[in-house]
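*Asks:* Going down the list, the sequences are from chains A and B. So the numbering used here is basically just the index in the first sequence, starting at one, shifted up by 1291. So the numbering used here is basically just the index in the second sequence, starting at one, shifted up by 28.
It cannot be assumed that every hint is accurate.
From the derived model, a few chain B residues whose C-beta atoms are all more than 12 Å from chain A [as the list claims (entries may be wrong)]:
id : residue
1  : Y59
2  : V84
3  : T108
4  : V182
5  : F259
6  : K286
7  : S365
8  : N379
9  : D458
10 : T468
11 : G485
Quick look at which bits of chain B chain A covers, simulated, 3 or more residues with Cβ under 8 Å [stated by the list, open to error]:
id : stretch
12 : 93-105
13 : 311-325
Everything labelled a hint here was simulated from the structure, so no lab data went into it. Glycine included, every Cβ here is placed at the ideal spot set by N, Cα and C.
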Amino acid sequence: MKKHLITLFLLVNACWVFAQSSSQCARALSQAELAFEQGRLSDIISDYSNSNSGFTRCLEGGVFSVDEEIRAYKLLTKAYLFQDDEEMAEEMFVKLLGVDKEHQLAAEDPAELYLLKDKFKTEPILRVAVRGGLNKSLPSVIQNFNTFQTGQKRYNEKGNDTGLGIGFWAEVLAERHITKGIEVASGVQYRIATYEIEGEMIENDLNYVAKNTSNMLRIPLIARYSLNYDNKDEDGNRIKLLPYVFIGGSFDLMLKAKYLDTRRTGGTAYTLPDASQDLKEADQVSSTNVSIMGGLGVRFRVGRSEVDFFSIELRYDNSLFNYINPDNRWANKDVNFGIGHVEDDLTLNTVSISFGYTRSLYIPRKRKQYR
Amino acid sequence: MRYLFQIIIASLLIVSCQIEDENAPAPDETYVKYYGELTSYEASDIEIIYDATGEVAEGLIVFGTKLTENGDTDYFILRTDLQGNLVDSISFGYSDTLDIQPFGSPDGLADDWTGDGVKDRFRADEFAGQIQPINGFGYAIIGSSSITINALGVSDWRWLTFGFLDLDLEPIRFLNDTLLARISDSGDQLDMVGNDIILLSSGGFLLAGGQEFDRGGGDTDFDNYFMKLNFDDGIVFESNQGISGEGEDDILVRVFEKSNGNLVMIGSSNTPSLLGENAGVNGVNVFYLETDENGTPVNSAAYGIDNVNNNVVYNDQVNNAIRLSSGFGIVGTSSTSQNQRFGFIMNLSNNGIYLSGNSHDSSLYNTESVTLQNTGRGIVQAPDNDLVMLGQYTSFTSGTNSRGGEGMFVKFDQASNPVEGAESFFGLSDGNDNIVDAVTLPDGKIVAVANVDFGGGVKLISIIKLNSDGSLD
């Protein structure tokens, strides 16, 4: 109990000290801003130059809130700028950008500050997006193959025996803005895609279900156009909602493909062991493929600086080439004879919904022509 | 916003692209097809259907049996195109719900056997033999029917039955009936079995099989039976031939017509082998019988498979034979004195002289390194002139998988030596499956017909289009 009381006392004390400090720092910043308004620029600079001054200690000691820190660096930038100390003005501006990555100047900011900002790259050098979601496979049959006469083969029709063909995917993309809301992105994606087939060898009497699951490593390359990328609302704030569309392509590398939960009913029921042969090892599926993709989504600016994004996206992946290796279509006797299934030639397409988070990365620096 | 919509439309157009693989095999290259409903089917023969000129292959026809709703088996005929797609099928046979008039019974049996003034109805289990497509006419079928007439206390009395179907698979009425029978002695209910029917160049048909005789006393035995039949004149001749002896059976399996009009019949017999192998009741051999066009024997010979390295006796039961340019290719199953069974293949010359033969004692698929027993059911000549034996492997263990009876495909060269890399098996892992026959298509692929056992009484007919080495792809 005694120990807890001491801890509580120390915590309350620390809060009180911090509140006192914050209050003093806010006063120091206000005094500095007042000095700027009164034209006492040298007072501000000398105050900043004095490491023991309250203003400097608040700034360097991290006591300022982020907003206060932005105001402080902006104030120092302007002060150095008007004192014609361009080097220090640039240094302060870089520090400002360190706190506020894409600092938006206000209408009342001086033209000199606008000119200074133009000398710097304030856009992110790169964005890193992490995205994950669910996909539904939409196999597109190129050519039908059957072992039975009814030809009744259904894909991903939710029924008693089959599911919807739901899979999962996740990707990490590096993105870069090119111009006017157009970005390019590339990275790696891991995708699990599943399609389920129900075949009626003898209607209602001899049926099978085959569930083909593939794991792919994909390398997407995407071009995206975002609406409102650079637009501001009537109040001069950047618009928070960015609808976008994108198209792209992907090189797909098959890691593994298997039949899961594949079984026949009718006669003596038969289930293919889940530990059956890897279809990639057996060369029954294409080891590589190329896909094109397109989609639309919307990004929301998040974070204090509103330079990071949360996004929701709908995507359609269209594989260009046959998922099945036609040369080895009949290689697995237990599937062909035991289950009664043979794969159609098909492209394994998917539609997906995903959620993502994009982090913007910056290295504030002068543009090349100003270095 | 308009820009956004334009991009969306362009994106949709782009992502709807699909590149078809031009190298993907067309469906007619290789395939596995199942046929049937939820009952039991069993095939015995497959043939190619040609057009009226006999030059253009148009489809495939399979002859077999089907278990009916009444619990008996009927003849079943199934027709497909060359891609294995079902065209049509028909089943028929003796039934206790149909009136069928027996044909040509030697002692003049009427259809009213019970003498009650009403046509008798009886049920039979049909056993399919061969089907013979007749270009531009239809099909001839032959088999056996196991008759049951409860009113007479008759059970499993085998009749040789045959019939004709038109090009639409409709049974043709012939001598007032659609399914015709030859029966042996009605008093003792001796059996006749039908195994083959061919169209002769003279226009008649030659039927062959076996007829059971009771020599008095001990066991009955079968003799070769053959008959020439004309549509207009009925029976031209019929004859028996064989060894008379208790249990010494001679049964013809396949018949052929030589270019000089002589008739060649191949089957199994207890006739002693010219190669010196055992004969008699303990030794069954391949039998070659040649007659003139009137059915008068002009030549005969018997040969057996013999393993010179041991003293094991091989009793060789012929199951099928084909005509080759060099003579005849024969397949069957040898039962050995060590109670094992192996498929065998044999080549005879045009004059019935033994050329080569071999027993298939492969252990290729058996990881337990013991000889895998098998049976030989069908034979076909591959495009490279090698002979393919079709049949069944008995249960075996391959790797970590244990398998039930599997359809067998194995190739032999013209000297009857196994061809390396041309052996394969097909079927369900736990079913009792077998391949019974095959044909070679004009494109060089081989189409085998198999009986595939799904368990629970469900057996389907399957046709499998293979490469000439037995591979599916």
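*Asks:* Against chain A, does B:F259 hold up as non-interface, every C-beta pair farther apart than 12 Å?
*Replies:* B:F259 is indeed farther than 12 Å from all Cβ atoms of chain A, at 35 Å.
*Asks:* So B:G485 supposedly isn't at the interface. Is its beta-carbon more than 12 Å from every beta-carbon in chain A?
*Replies:* 8 Å, violated
*Asks:* For B:V84, is the shortest beta carbon distance to chain A beyond 12 Å?
*Replies:* 24 Å, holds
*Asks:* Given that the stretch 93-105 of chain B was listed as covered by chain A, double-check it with a C-beta distance under 8 Å for 3 or more residues.
*Replies:* violated (count 0)
*Asks:* Does the no-contact call for B:V182 survive, Cβ to all of chain A over 12 Å?
*Replies:* 34 Å, holds
*Asks:* Does the no-contact call for B:T468 survive, Cβ to all of chain A over 12 Å?
*Replies:* 19 Å, holds
*Asks:* Mind taking a look at whether chain A covers the stretch 311-325 of chain B? Criterion is 3 or more residues with CB to CB distance under 8 Å.
*Replies:* violated (count 0)
*Asks:* Hey, does B:T108 actually stay past 12 Å from chain A on C-beta?
*Replies:* 9 Å, violated
*Asks:* Taking the minimum C-beta separation from B:K286 to chain A, is that value above 12 Å?
*Replies:* The claim holds: B:K286 sits with its nearest Cβ about 40 Å from chain A, beyond 12 Å.
*Asks:* Is B:N379 truly not at the interface, in the sense that its beta carbon sits beyond 12 Å from all beta carbons of chain A?
*Replies:* At roughly 42 Å from the nearest Cβ of chain A, B:N379 sits farther out than 12 Å, so the non-interface label holds.
*Asks:* Since B:Y59 was said not to touch the interface, does its Cβ keep a gap of more than 12 Å from each Cβ of chain A?
*Replies:* Not fine: 7 Å to the nearest Cβ puts B:Y59 too close to chain A.
*Asks:* Can we trust that B:D458 is non-interface, i.e. its beta-carbon lies farther than 12 Å from all of chain A?
*Replies:* 7 Å, violated
Going down the numbered hints, you'll see the structure goes against 1, 3, 9, 11, 12 and 13, while the others check out.
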